[in-house]
Amino acid sequence: SAVISQKPSRDICQRGTSLTIQCQVDSQVTMMFWYRQQPGQSLTLIATANQGSEATYESGFVIDKFPISRPNLTFSTLTVSNLSPEDSSIYLCSVRQGISDGYTFGSGTRLTVV
Amino acid sequence: LAKTTQPISMDSYEGQEVNITCSHNNIATNDYITWYQQFPSQGPRFIIQGYKTKVTNEVASLFIPADRKSSTLSLPRVSLSDTAVYYCLVGDNNDMRFGAGTRLTVKP
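Residue numbers (my numbering), protein chains in the order written: chain A, 308 to 421; chain B, 349 to 456.
Because the hints were derived from the structure by calculation, they are not lab data. Cβ coordinates follow ideal geometry from the N, Cα and C atoms, glycine included. Among these hints, one or two may not hold up.
[Said to hold, decoys possible] Some chain B residues near chain A, calculated using beta-carbon distances under 8 Å:
| # | residue |
| --- | --- |
| 1 | Met-444 |
| 2 | Arg-445 |
| 3 | Gly-447 |
| 4 | Gly-449 |
[To be verified] Chain A stretches covered by chain B per the calculated footprint, using a threshold of three residues with CB under 8 Å from any CB of chain B:
| # | segment |
| --- | --- |
| 5 | 343-351 |
| 6 | 413-421 |
The task is simple: from the sequences and hints, build the whole structure.
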């Protein structure tokens with residue numbers, strides 16, 4: 308199965324600033340997914356990123372707040388912009404494996420906004 | 349998308365078999381049923397996936413009745429390290445939405 312390297316693992320940021328999270332996959336994948344997991348909660352899909360096209364955002368998430376880049380088939384970044392304490396959460400990237408193998412997740416980025 | 353309903357929490361003891369049931373009444377023809385396990389401070393980990401009847405791997409079994417409106421994840425002889433949140437997802441593998449999950453606590 309694919310191996311995902313997600314960076315940073317955690318960060319503490321000042322409100323009003325931005326944080327960019329990187330995900331590197333050890334194999335080429337068509338679709339990459341970005342999730343948010345608030346403390347004690349389930350995962351919420353933010354957007355789906357395909358290489359060479361604009362990311363598709365879920366309801367409640369907008370490109371200005373969560374810009375995504377997907378420059379090639381092994382890499383993607385998610386930026387959380389204009390940070391506020393409500394953005395404190397864990398952010399995870401994910402890729403799809405084979406048809407019957409589910410998805411592989413990165414280890415997550417724990418963001419704290421102060 | 350089919351919505352899933354799972355128990356919020358379950359308790360078990362080491363060595364017991366644990367069965368977690370997920371309801372998905374609106375499952376579509378193309379949908380698969382997939383279960384994930386998540387430990388604190390880690391991303392979810394794929395456990396098992398099925399479409400119908402029974403699927404078994406080295407970790408768990410998945411039972412799906414003929415109408416596919418529910419599914420049961422079976423964990424044989426759990427240990428303390430199986431304490432985690434277990435998520436049932438229903439979808440066509442291009443759109444994975446997580447429900448609330450079941451928090452399983454295994455006690456000694």
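Hint by hint, which ones does the structure fall short of? As far as the earlier hints go, not one is violated by this structure.
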